[in-house]
Amino acid sequence: MPRHLLMRLRAPLVSFGGETIDSHGVIRDFPALSMVTGLIANALGYDRSDFPSHDRLQARLVMGTRLDASGARLVDFQTAQLGKRDEAWTTRGAPETRRGDEDSYKSPHLRHREYHAGLDALVAIRLEPADEQPALDDIADALDRPKRPLFIGRKPCLPTTRVFVDMIDADDLLDALKRAPASELCDFRFQLPEGQGAFQHSQSLDVCDERNWKTGVHGGWRRVLEGSEPQVIASESQMNSSERAA
1 MPRHLLMRLR APLVSFGGET IDSHGVIRDF PALSMVTGLI ANALGYDRSD FPSHDRLQAR
61 LVMGTRLDAS GARLVDFQTA QLGKRDEAWT TRGAPETRRG DEDSYKSPHL RHREYHAGLD
121 ALVAIRLEPA DEQPALDDIA DALDRPKRPL FIGRKPCLPT TRVFVDMIDA DDLLDALKRA
181 PASELCDFRF QLPEGQGAFQ HSQSLDVCDE RNWKTGVHGG WRRVLEGSEP QVIASESQMN
241 SSERAA
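Using full-length UniProt numbering, the letters of the sequence shown map in sequence onto residues 1 to 246.
I should point out that these hints are in silico values taken from the structure, not numbers from a laboratory.
Given the structure is predicted, the values throughout are model-derived calculations rather than measurements.
Built from N, CA and C at the ideal position, the CB exists for glycine as well.
Any given hint could turn out to be false.
[Stated by the list, open to error] Label-pair ranges, simulated between beta-carbon atoms:
#  : residue 1 : residue 2 : range
1  : Q133      : D169      : 29 to 37 Å
2  : D131      : T79       : 47 to 55 Å
3  : T79       : D169      : 45 to 53 Å
4  : P181      : T160      : 14 to 22 Å
5  : S228      : R60       : 36 to 44 Å
6  : P181      : S49       : 34 to 42 Å
7  : H201      : S53       : 21 to 29 Å
8  : T79       : W221      : 30 to 38 Å
9  : D76       : D169      : 39 to 47 Å
10 : P149      : E194      : 29 to 37 Å
11 : D76       : R162      : 25 to 33 Å
[To be verified] Below 20 Å or equal to it, Euclidean Cα-Cα: the simulated DMTMM-like pairs (lysine to aspartate or glutamate) are:
#  : residue 1 : residue 2
12 : K214      : D76
13 : K155      : D120
14 : K155      : D169
15 : K155      : D187
16 : K147      : D50
17 : K214      : D55
Using the sequences and the hints, build the whole thing.
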């Protein structure tokens, strides 16, 4: 059976960003393929200008999500000073800067950003082809020891638990997500690419969540299934023990 990596996306605030409308940053119910690509690339230490590596990683990712808790939605009103040459230590050993001067503070950018509060998502990924670099083991190591701080969608959204969960062998993404342990037995919502499992009750949707990393623009569409299924509580013997230190 194919090998899958499980990731836990949990934080007080989470942002599964969708299409931005003017100054309103909306969110989706499930994480975008580009967001998970960016999170993994950040952990691996990819330079943001390394467009081919980002594009290739995104093309190889096969991803599905189980929502363990949907949480609530809130809207944050922000006044963003985007220009002044402030420095922020967001990387190890090198500051991140912006361009601008003192006058840029006179006209702050006003915007609204949506967030999920209390959301808890389990993401299963595999890589196709599996024999290229990075491999799943490389990603697991990077998630435990990231080259840069990890965030879930936006920089204020810092994970409150270990992102890497475990490895599991499963027939497809739905099988992997249903085998993964859960805190309670109930129906969970899932999102999967077509062909990665069948639901009793589902709907087929087209989502635009693939990014052209050179232009920074999202384009193209993926067909996904969203639905609910009863959760199968897995025992430890069903999981592949990763034997990794947190």
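key: Ascending list of hint numbers which this structure does not respect   = Violated: hints 1, 5, 7, 12, 14, 15.
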